[in-house]
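Asks: This is what each chain is made of:
There are 2 protein chains.
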Amino acid sequence: MAKQAAPMIENYSAKLHSMVEWLAQFGADEQGGVTRLLYTPAWLEAQQALFDYMEMQGLAPFYDQVGNLTGRLVGKQSERLPIVTGSHIDTVVFGGKYDGALGVVAGVLALSYLKETYGEPLRTIEVISLAEEEGSRFPLTYWGSGNITGSYQVSAVPVVKDRDGVSLEQAMKQAGFGAESIYSSCQREFAAYIELHIEQGFVLERTGHQIGVVTGIVGQRRIEVKVLGESNHAGTTPMQWRRDTLAGAALMISSVKRSALEWGDPLVATVGSLQVSPNVPNVIAGETTFTLDIRHLDHQILNDYTDALYEEISAIAEQEGLTLSWKEHLRAEPVPMHQAMIDDLQHVCDQAGISSLSLPSGAGHDAQIFGVECPSAMIFVPSREGISHNPLEYTAEADIIQGFKVLTELLYQYAYRGEDHEAL
Amino acid sequence: MAKQAAPMIENYSAKLHSMVEWLAQFGADEQGGVTRLLYTPAWLEAQQALFDYMEMQGLAPFYDQVGNLTGRLVGKQSERLPIVTGSHIDTVVFGGKYDGALGVVAGVLALSYLKETYGEPLRTIEVISLAEEEGSRFPLTYWGSGNITGSYQVSAVPVVKDRDGVSLEQAMKQAGFGAESIYSSCQREFAAYIELHIEQGFVLERTGHQIGVVTGIVGQRRIEVKVLGESNHAGTTPMQWRRDTLAGAALMISSVKRSALEWGDPLVATVGSLQVSPNVPNVIAGETTFTLDIRHLDHQILNDYTDALYEEISAIAEQEGLTLSWKEHLRAEPVPMHQAMIDDLQHVCDQAGISSLSLPSGAGHDAQIFGVECPSAMIFVPSREGISHNPLEYTAEADIIQGFKVLTELLYQYAYRGEDHEAL
Chain A
95 MAKQAAPMIE NYSAKLHSMV EWLAQFGADE QGGVTRLLYT PAWLEAQQAL FDYMEMQGLA
155 PFYDQVGNLT GRLVGKQSER LPIVTGSHID TVVFGGKYDG ALGVVAGVLA LSYLKETYGE
215 PLRTIEVISL AEEEGSRFPL TYWGSGNITG SYQVSAVPVV KDRDGVSLEQ AMKQAGFGAE
275 SIYSSCQREF AAYIELHIEQ GFVLERTGHQ IGVVTGIVGQ RRIEVKVLGE SNHAGTTPMQ
335 WRRDTLAGAA LMISSVKRSA LEWGDPLVAT VGSLQVSPNV PNVIAGETTF TLDIRHLDHQ
395 ILNDYTDALY EEISAIAEQE GLTLSWKEHL RAEPVPMHQA MIDDLQHVCD QAGISSLSLP
455 SGAGHDAQIF GVECPSAMIF VPSREGISHN PLEYTAEADI IQGFKVLTEL LYQYAYRGED
515 HEAL
Chain B
95 MAKQAAPMIE NYSAKLHSMV EWLAQFGADE QGGVTRLLYT PAWLEAQQAL FDYMEMQGLA
155 PFYDQVGNLT GRLVGKQSER LPIVTGSHID TVVFGGKYDG ALGVVAGVLA LSYLKETYGE
215 PLRTIEVISL AEEEGSRFPL TYWGSGNITG SYQVSAVPVV KDRDGVSLEQ AMKQAGFGAE
275 SIYSSCQREF AAYIELHIEQ GFVLERTGHQ IGVVTGIVGQ RRIEVKVLGE SNHAGTTPMQ
335 WRRDTLAGAA LMISSVKRSA LEWGDPLVAT VGSLQVSPNV PNVIAGETTF TLDIRHLDHQ
395 ILNDYTDALY EEISAIAEQE GLTLSWKEHL RAEPVPMHQA MIDDLQHVCD QAGISSLSLP
455 SGAGHDAQIF GVECPSAMIF VPSREGISHN PLEYTAEADI IQGFKVLTEL LYQYAYRGED
515 HEAL
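Protein sequence lines, in the order shown, are assigned to chains A and B. 95 is the number of the first residue of the first sequence in this note's numbering; add one for each residue after it. 95 is the number of the first residue of the second sequence in this note's numbering; add one for each residue after it.
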């Protein structure tokens, strides 16, 4: 850490905590968590409260046309692309206080802290409260970051509706945003993106690390496997003549787990959903359908494992006299974080004596959208018991402050020091 | 076969076919099958039509208080207990034409044939059209045979209702039956019970046998297994730290099939129904519940296998870090058919050059109710593709006539020959 900052930064522990609690008031729900869906009054009030807070802190806030809110600490070298930190403030239904919100709060306070401690930076630093990440109101994710990086355009809103039949375009306009609104256009460029986020898993907690340095956002394959056999009477059909799809699916699911363990971390393969037909105790299942969710950081390994699993599952189907249908429903490629930024984060942790672990993010984040456009990095702080998307989501003050230190130090190094960084 | 009967009995092939079709008119449904539920107009009309037919054939029909219909060919030795054949005429919803009905039709025609061919028997032979076997209107099976053997009493009707809220007692009274009705009491004794029935499986068809000599009705254990683990994010939870109940259940279900094959016929063990929670593709299943349906002809083997399976499934749960709940929901003990009657049936088949296979009945039948009270036997004829409880249920005329021959010959031997049979 920069030596002159060390005495003051600890004071931000309480500030971070109280600001997370303050933001959680907007959309506080009856389950003790937060339900703050895109363009709803709770979301609008939260964005506007952050706007007001940024303004008080002299961070010259502004909205863009989809409602992303940016605060800015202008640097001397204003011709250079800004460095940006932030996350999202939308939540799932009955979500927690930390997912997304912590990255926004930490970003705002990081800029305040840097401004107060070091004054004007060389390079401009921005904090962004992204309009939407979760996809919890509309069946569409990364609307906020997608508009910035150009994967979505506010001028061509996808036709999707929420559960009440309100379209994304209507909701956006009702909230005062849209291509015809007074706000600045969305698409912009950045020198680097740094996101602080809760882990939403229990790896840091179980391994006793304070910080996770994210190596990348895993790629994902979502496959629906349908197994067809023969539905017969459970009493009158001898075992050797059965074409039992549930028994076949059981062999397949067992092989998913066994092979995923064999291939090793960070590969994960999950059968989370399964339907049996006719699903009656005394009838042999004639049809069983299950989902496969496969994730890995490496594109090639993800493909190779998926291919190998297909071979294995096909062989089981053949051996059991069953017919197989295999349909890919979702394909997302891995987005590695920027290696020089990973190294810089690692160095910051080591210098500050903060224990860190390199790990992939198994969940999706805005950093994967920024990551295809500019050098990007993520800092994870522990999630208690790995619980997320739940009112019980919690990260201790003592853990948050370590993440905050790492974030501010990296911003300091990139924005205040004269030397060129490999990452930027 | 008795030599003098041989030329004439073949004529019964067409009679059997047309009488099955005739009976199928009562309750013919829009799916091309039969829906004939206990005490409904379709059922009442069918019983009455059989009553009228029996009367025409001189079989002196009578109802008992629950609506069982008996036809009688009185023997010279009228002090001796009668020999009875028959089955049931109630069906499942959208059932077939053969299940139950064939045994009643064959019984009526067997008595006609014997009377016509041989005249008055030594012992009384009866044919019974039992009121109810399926349990398809009320959640209660074997109401007809149960009242005869005393496991139910018409004077103490169980309080059960059909889907329209009509109680069994109301329905029975509306149909003209009940403890206060004019009909004879139900409880009676018999020298022997012989039931002809379709196999409802495909063993005879696949092994190319014309007749199944039923060794017994299997006993059954129905168990609900609930597996509890931990629901976590499918992306952020490494494989080795999961407590995945669906992956655990898959190992358990695989072991059910493997062990059942090892223990060998006639053991069958089926997982037909399974529920996953939360059943979402990207969430590790925190709870999985499945049913076990285990059947065997031998009480001890049924118990031993069930115990062994419990040990194996418990060991898997422990190894996978899962918690298990194991609840028995149904326990039915095996009912072996009478060995001397099995031998007699075998002998009849051998003498007539009819290929037969000894096999257990994996499904329940009225014979298991009679079987605890008097010597009982069952004759199976093939079911095309094993299909039953379905409009596609079918048994060829050529197969039915073989079953009819075996049935009439056994009735002839028991009722017309002077010698004492070990079975009676």
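Source of the hints: derived by calculation from the structure; they are not laboratory data. For glycine and all other residues, C-beta sits at the position ideal for the given N, C-alpha and C. Please note that a few of the clues may not be correct.
Short derived list, chain A residues pointing at chain B, Cβ under 10 Å [said to hold, decoys possible]:
{"hint": "1", "residue": "Leu138"}
{"hint": "2", "residue": "Val187"}
{"hint": "3", "residue": "Gly270"}
{"hint": "4", "residue": "Ala273"}
{"hint": "5", "residue": "Ala285"}
{"hint": "6", "residue": "Met346"}
{"hint": "7", "residue": "Ser349"}
{"hint": "8", "residue": "Lys351"}
{"hint": "9", "residue": "Gly358"}
{"hint": "10", "residue": "Asp359"}
{"hint": "11", "residue": "Ala379"}
{"hint": "12", "residue": "Leu386"}
{"hint": "13", "residue": "Arg389"}
{"hint": "14", "residue": "Ser419"}
{"hint": "15", "residue": "Ser455"}
Asks: Using 10 Å as the Cβ threshold, decide whether aspartate 359 of chain A counts as touching chain B.
Replies: Hint holds; aspartate 359 of chain A Cβ to chain B Cβ min 6 Å, cut 10 Å.
Asks: Holds or violated: the hint that serine 419 of chain A contacts chain B, with Cβ atoms closer than 10 Å.
Replies: violated, 16 Å
Asks: Could you check if serine 455 of chain A really has its C-beta closer than 10 Å to a C-beta on chain B?
Replies: This hint holds: serine 455 of chain A lies near chain B, its Cβ roughly 7 Å from the closest one there, short of 10 Å.
Asks: Hint check: is the beta carbon of glycine 358 of chain A less than 10 Å from a beta carbon of chain B?
Replies: holds, 8 Å
Asks: Should the hint that alanine 379 of chain A touches chain B count as held when the rule is a Cβ pair under 10 Å?
Replies: holds, 6 Å
Asks: Methionine 346 of chain A was flagged as interface toward chain B. Is the shortest Cβ-Cβ separation under 10 Å?
Replies: Nearest chain B Cβ about 8 Å off; hint holds.
Asks: Against chain B, is lysine 351 of chain A within 10 Å by beta-carbon distance?
Replies: holds, 4 Å
Asks: Please verify that hint: serine 349 of chain A, Cβ, nearest Cβ of chain B, below 10 Å or not.
Replies: holds, 9 Å
Asks: Regarding the hint that glycine 270 of chain A lies at the interface with chain B, is the smallest CB-CB distance below 10 Å?
Replies: violated, 33 Å
Asks: Would you check whether alanine 285 of chain A satisfies its interface hint, that is, whether its CB is within less than 10 Å of any CB in chain B?
Replies: Nearest chain B Cβ about 29 Å off; hint violated.
Asks: Do the numbers back the hint for arginine 389 of chain A, that is, is its least Cβ distance to chain B under 10 Å?
Replies: holds, 5 Å
Asks: Just to be careful: measuring from the Cβ of leucine 138 of chain A to every Cβ in chain B, is the smallest value less than 10 Å?
Replies: violated, 29 Å
Hints 1, 2, 3, 4, 5 and 14 from the list above are not met by this structure, while the remaining hints are.
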